[in-house]
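Protein chains in written order, with UniProt numbering: chain A, 1 to 283; chain B, 1 to 314; chain C, 1 to 243.
These aren't lab readings, by the way, just hints derived from the structure by calculation. Warning: the hint list may mix true and false statements.
Calculated cross-link-like contacts (lysine-lysine; reagent style DSSO-like; alpha-carbon spacing at most 27 Å) [to be verified]:
1) B:Lys76 with A:Lys85
2) C:Lys186 with C:Lys162
3) B:Lys200 with B:Lys296
4) C:Lys162 with B:Lys200
5) C:Lys64 with C:Lys162
6) C:Lys64 with C:Lys186
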Amino acid sequence: MFPIIIQGLLLSGLYALIAMGFMLIFSIGRTLNLAYGAYLMIGGYVYFWISQQLGFPQIVGFFGAIAVGILMGLMKHQFIVRPLKGHHVAVEISTLILAVVLQAGIVLVFGDSSKILLPIVPGVVRVAGATVTYSILTATIISWLIITILYLFVRRTHTGRAMQAVSMDQKGAAISGVDADRINLITWGLSGALGAIGGAFFASYTQLSPAMWVTPLIISVAIVIVGGIGSIVGTLIVAHIIGFLEVIVVSVLAPELRGVSTMLLIIVVLIARPQGLFGRAEN
Amino acid sequence: MELRQRHLAFWAIFIVGLYLMPELVSKGTLRTMIFACYLAIFAVSWDLLSGRTGYISFGHPFLIGIGAYTTAILTKRFDVAVEISIPIAVLVTMIGGLVVLLPALRIKGSYFALVTLAFMELMYQLVQVIRPDLTGGTRGMSGIETLTRGAVNGYYLAVTLMVILTFAAWLLMRTRLGTALWAVGMNEESVRGSGLSSTKLKMFAFLASAFTAGIGGAFYVHYLGSIAPRALFDINFLFTILVAALIGGAGSIIGPVFGAFFLVFLLEWLRPWLPGAERYFIYGGIALLVYMYQPKGMVAILESLYSRFWRARS
Amino acid sequence: MTAAIEVRNLVKRFGGLVATNNLSFDLDEGESLGLIGPNGAGKTTVFAQIMGELAQTSGTIRFKGQEISGLSTSERISRGISRTYQVPRPFTELTVRENIRVGLMPNNIRQLVFGATDRVQEERFAESVGFNLRNLDRSAAELSMGDLRKLEFARTLATGAKTLLLDEIFAGLTTGEIAMIADLIKQLRRQGFTFLIVSHDLPAITPLVDRVIAIELGALLAEGTMSEVLANEDVRASYLGES
Chain A
1 MFPIIIQGLL LSGLYALIAM GFMLIFSIGR TLNLAYGAYL MIGGYVYFWI SQQLGFPQIV
61 GFFGAIAVGI LMGLMKHQFI VRPLKGHHVA VEISTLILAV VLQAGIVLVF GDSSKILLPI
121 VPGVVRVAGA TVTYSILTAT IISWLIITIL YLFVRRTHTG RAMQAVSMDQ KGAAISGVDA
181 DRINLITWGL SGALGAIGGA FFASYTQLSP AMWVTPLIIS VAIVIVGGIG SIVGTLIVAH
241 IIGFLEVIVV SVLAPELRGV STMLLIIVVL IARPQGLFGR AEN
Chain B
1 MELRQRHLAF WAIFIVGLYL MPELVSKGTL RTMIFACYLA IFAVSWDLLS GRTGYISFGH
61 PFLIGIGAYT TAILTKRFDV AVEISIPIAV LVTMIGGLVV LLPALRIKGS YFALVTLAFM
121 ELMYQLVQVI RPDLTGGTRG MSGIETLTRG AVNGYYLAVT LMVILTFAAW LLMRTRLGTA
181 LWAVGMNEES VRGSGLSSTK LKMFAFLASA FTAGIGGAFY VHYLGSIAPR ALFDINFLFT
241 ILVAALIGGA GSIIGPVFGA FFLVFLLEWL RPWLPGAERY FIYGGIALLV YMYQPKGMVA
301 ILESLYSRFW RARS
Chain C
1 MTAAIEVRNL VKRFGGLVAT NNLSFDLDEG ESLGLIGPNG AGKTTVFAQI MGELAQTSGT
61 IRFKGQEISG LSTSERISRG ISRTYQVPRP FTELTVRENI RVGLMPNNIR QLVFGATDRV
121 QEERFAESVG FNLRNLDRSA AELSMGDLRK LEFARTLATG AKTLLLDEIF AGLTTGEIAM
181 IADLIKQLRR QGFTFLIVSH DLPAITPLVD RVIAIELGAL LAEGTMSEVL ANEDVRASYL
241 GES
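Just need the whole structure built from these sequences, with the hints factored in.
Following this line, the structure appears as structure tokens:
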């Protein structure tokens, strides 16, 4: 019982962080960034390259990953989203193509095989009967920290409130004097940063491979669909639902069925409540 | 349906050219063309649903996979005759796809894309886990009955299948139904406001798409003689289908056929230099550039060249 | 005189906001009713509920004696009621002719696949709203606002509905175009069409309507002929309050 709770909490925290970046773009930028998973992949590889291959301290690796993530987000916004003027079909397709191109690029540079990352913090600890690596504990704690900062940022700062306004009504926000373009830029950069960190953590949790961007993307998708777009708290809650569901299925049923519960949840929610558990009904 | 002379002429030349190929090229090239034919079928099946309505499906490998696995399991595990297993496979693809994707069609376009992506992942995981005695699990199955022997016969079968399916799809899309589907992609609410049920339209497009995908998948597995989840429920496979359709020209039906052949030959041409995943890098990059320059694909580029040529003459 | 549309106790709430406030009115067959009120009065919301684009919070809507609240928009259209929109919603990448073609399409897949297009009908509807036959192959994206409104009217007519809800049909039209559309409406009235017309252009619609209802904040303010309603103090106050 306790091990499940502990594992569930740890996994959910990570999933929440990963989903945040995706949710921001979908809700504020109103686009589906299918290359979001690529932020994770690249973030993970940059972290790996800087801290393992080049030998710098891990913190440098993290910041490197964040920097690359921000850069990617900004470039994507500049070169793909803006020219396509938000035609959502075109953006969906372009971001998917981009993701595959990036995956191929990674294969070119790093090779096809999966790599195991050295733990962020070595060692394990026993918490309430469960064996937990310091690595994932650190990852989860930092995730919560980042989410809290994000929440405060969105709620308390001027820019954050502007972001909320744009997510609710782009035209209305523009009339109120919000520079939607600047907000979109910030959002994309932020999304890239969150994705990159999430990637570094996710890679520590599982492993690093060029194809690793698909699963986190699906998880983020699941969280956004089930939770409904728009709220940090909603995303947090649903991340926990999905995280716990996965852990329970893996422990009680079979480890191979890991992703199945998530998919089934998506189907059920879509049929019963298309706007998600917490979402506003889209007109 | 307005069939103009130039359309029929085009089809005639195209078909004749295809059938003459075995006289003109090597066995190796024929095998490449066989693959291109099947890819064309898959790309057309995608185009039927997603090309006009804007409901981008990332789940076509899922549909193709159902068709392939159904006929493979029926023929290999249960000794069902191919003449029966293939039609059943198509039926199962249509029903299975409907059951699974129908709820998603009722929702807006963006969500549809997400859900189909999720389903593809789901199938990939499920097929390895559920009844591996039937499906062959992670490794898949081999020694499946093949319908033809040799490259030439395989080629004729593939080409015939492709020509029939593609021509039928093309005719279908030239009817008012085709216009209605374009309209759905442009403004779905307006379609409803014009007295049409957009759900009915989408469903029909989906069934046509699933039908084509099912046939394609079934015949494909009987050409390959083997099947593996890694090959089918794969992002790269999805990607290949999508890019073929997009570069060719989404919504035009013939565009995806062109796109498929173009892509396959490009990949083959690159093979000596870039044997591995690097090829995806190059052609993905090309695809992105082409798509952003002219989202309507090669068909649109050709049409504008054609009309500029006509104008120059008059 | 049979009723075409009967609205009873229609209420629409968006959270705390009451957009339609216990509205009731009748529209008889062959009649033309004007629906007026200041901006934000909720006129378009009423249209959306009648057409099924918006589900009412409570209240009934009957068309030709039958409750239509459970029906989808396309089902209501096939019953014979259709509308135009304040902001036209054309199929931008289709031509004028193809736009009308969509309006003409039956809601039946078999007929869409095996039936033929009727170019004569398409031209008839296009001409009736004032399109020159030469312009039928222009893309809808090239049209002016006035032309878009005309196109939408043509498409709405093409659905075959005989009860039409017109939402600001005259906005953005030249004087000549207004006169032409007004003539078309009169012509259709002689053929037995029923109209519910929303417009800010009171002089334009006065000769086109038998009666008028005025609403404000979703509630009925006054009912009667145009002059009666305009003379009503509450109505004048609501319009003055708008400016």
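Broken hints, numbered, in rising order? 1
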